[in-house]
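Visitor: Residues per chain, in single letters:
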Amino acid sequence: MDEKARFRAFLVVIVAVLAVGVLYIVYTVGTGADVPWTFVSLLILVSMAIVLLVAVVVKKRQELKAGFPGEDERSRPIRWRAGYWAYFASLYFLFFASMVQPLLEDHQVVSLPTAVWGMIYVAVMGMFFLAALAVLNRKGVPA
Amino acid sequence: MRTRIKEFRARYDLTQEDLARKIGVRRETILFIENGKYIPSLKLAHDIAKVLKSSVDELFLFEKD
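Protein sequence lines correspond, in order, to chains B and W.
Each residue of the first sequence is one higher than the one before, starting from 1 at the first, in my numbering.
Each residue of the second sequence is one higher than the one before, starting from 1 at the first, in my numbering.
The shape of chain B in the complex, shown without the other chains (with noise of 0.2 angstroms):
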């Protein structure tokens, strides 16, 4: 399978997780039952990780059986600083979920256990830490 091919595999994958999960909304708000958004926003959240791990680790092998090593000297500070900047914007968006949680749950908008707050901010620090890699593989690591 070619570059392209693979790619479109991949949109493919990610917009079926995301049809599955409207048309489950659709579903239960034409039944009358309440959506259990925690459960939804979780499990497409989850369900694109998944994709985008296995899109990564299949990456990644057929790159290590072509003969390519894991990682070299350019790519390998690129990693440790997007590890750097994630942790600390995942650091921020602690810092802004700590003050925004008691007005959401005064408010009635939403009210998540910690465990949930847990995994939403692991989510982040991943999500952060993808986008920090993308940007320093095009920019380069800042001296």
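No wet-lab data here; the hints were simulated from the structure.
Just so you know, not all the hints are guaranteed correct.
What the hints assert, rightly or not - Partner residues aside, some chain B positions facing chain W, computed with beta carbon under 10 angstroms:
hint	residue
1	D34
2	R61
3	E63
4	G67
5	F68
6	P69
7	G70
8	D72
9	E73
10	R74
11	S75
12	N137
13	G140
What the hints assert, rightly or not - Not the full set, but computed from the structure, chain W residues with beta-carbon under 10 angstroms of chain B:
hint	residue
14	A10
15	R11
16	R21
17	Y38
Claimed, not checked - What follows is a set of in silico ranges between Cβ atoms, one per label pair, in the way DEER data are often shown:
hint	chain 1	residue 1	chain 2	residue 2	range
18	B	K4	W	M1	44 to 54 angstroms
19	W	K37	B	A5	25 to 35 angstroms
20	B	F39	W	N35	41 to 51 angstroms
21	B	W37	W	K37	41 to 51 angstroms
Each residue gets a CB set at the ideal place from its N, CA and C atoms; glycine is no exception.
Mind docking chain W on chain B? Use the hints.
Guide: Just chain W, lined up with the frame of chain B:
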């Protein structure tokens, strides 16, 4: 920084992937070095020069700003 890696690769009929594999780095690293967006370590520059049967100062051209 400008490089003559592309020119030397063509001379020995090597693709970026071939060169990357011979040196033991990722393909993107060669791409970024060729485009002058990444300055390699002295060791990597030396390894590239060795594979391309050249010297570091022949491959990497530093220009004054």
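Visitor: Which of the stated hints cannot be reconciled with the structure, identified by number in ascending sequence?
Guide: 1, 2, 14, 15 and 18
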